[in-house]
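Colleague: Sequence:
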Amino acid sequence: MSNPAIEPGVRPVCDVLNAMPDVRTVYSCEGHPRAFVPSKPFVMFKAPAELAFGIHCMLAYGHGDGSLNFCWRLLAQFDDDASMTYTLTTSDVRVSEKHWRPFQEWTTKAMNRDLLQLANLLRARLLQPGQ
2 MSNPAIEPGV
12 RPVCDVLNAM
22 PDVRTVYSCE
32 GHPRAFVPSK
42 PFVMFKAPAE
52 LAFGIHCMLA
62 YGHGDGSLNF
72 CWRLLAQFDD
82 DASMTYTLTT
92 SDVRVSEKHW
102 RPFQEWTTKA
112 MNRDLLQLAN
122 LLRARLLQPG
132 Q
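Just so you know, we're using this note's numbering here: the sequence shown kicks off at 2 and counts up by one.
Keep in mind that the hints are not guaranteed to be accurate.
For each label pair, taking beta carbons as the anchor points, the in silico distance ranges come out as [said to hold, decoys possible]:
id	residue 1	residue 2	range
1	Asp-82	Pro-22	34 to 40 Å
2	Leu-117	Asp-82	32 to 38 Å
3	Arg-124	Arg-74	15 to 21 Å
4	Asp-82	Phe-37	32 to 38 Å
5	Pro-49	Ala-125	27 to 33 Å
6	Leu-127	Pro-9	17 to 23 Å
7	Asp-23	Val-94	31 to 37 Å
8	Phe-37	Ser-92	19 to 25 Å
9	Pro-49	Lys-110	30 to 36 Å
10	Ala-83	Ala-111	35 to 41 Å
11	Gln-78	Arg-114	24 to 30 Å
12	Ala-83	Pro-9	20 to 26 Å
13	Arg-25	His-57	17 to 23 Å
14	Thr-108	His-64	16 to 22 Å
Hints are computed from structural coordinates only; laboratory data are not their basis. Cβ coordinates follow ideal geometry from the N, Cα and C atoms, glycine included.
With the hints as extra help, turn the sequences into a complete structure.
Modeller: What follows is the structure, encoded as structure tokens:
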């Protein structure tokens, strides 16, 4: 059963992560460039460290295999029980939560294309044995 609280733009990434063994998404947002307080897209999830490191390596220098338009990164933080929660988010300068520029530099449509491509890269990684 799908979770209606997951926004459609970020759903492909959440679905792929949730299909991976021992992975569970916790929070997500597709990003909202036109909101009063703009927000960047992100997916927070629990996963084995080895799998998270594999995702980190897949991102390479942020653009994965070169097919991503925006720069992405994987962050890690300790929880109160000493476990880790990972956050997959964009670190692209064009996607700022503080718009000091006189123009908007990203759209929901462009970000949704990147989120779909990110899901495709994750799916390809999932299908590779030993990855």
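Colleague: Confirm or reject each hint.
Modeller: Here's how the hints hold up against the structure:
no.: 1; hint: Asp-82 to Pro-22: 34 to 40 Å; result: violated, 21 Å
no.: 2; hint: Leu-117 to Asp-82: 32 to 38 Å; result: holds, 33 Å
no.: 3; hint: Arg-124 to Arg-74: 15 to 21 Å; result: holds, 20 Å
no.: 4; hint: Asp-82 to Phe-37: 32 to 38 Å; result: holds, 35 Å
no.: 5; hint: Pro-49 to Ala-125: 27 to 33 Å; result: violated, 19 Å
no.: 6; hint: Leu-127 to Pro-9: 17 to 23 Å; result: holds, 21 Å
no.: 7; hint: Asp-23 to Val-94: 31 to 37 Å; result: holds, 34 Å
no.: 8; hint: Phe-37 to Ser-92: 19 to 25 Å; result: holds, 23 Å
no.: 9; hint: Pro-49 to Lys-110: 30 to 36 Å; result: holds, 34 Å
no.: 10; hint: Ala-83 to Ala-111: 35 to 41 Å; result: holds, 38 Å
no.: 11; hint: Gln-78 to Arg-114: 24 to 30 Å; result: holds, 28 Å
no.: 12; hint: Ala-83 to Pro-9: 20 to 26 Å; result: violated, 34 Å
no.: 13; hint: Arg-25 to His-57: 17 to 23 Å; result: holds, 18 Å
no.: 14; hint: Thr-108 to His-64: 16 to 22 Å; result: holds, 19 Å
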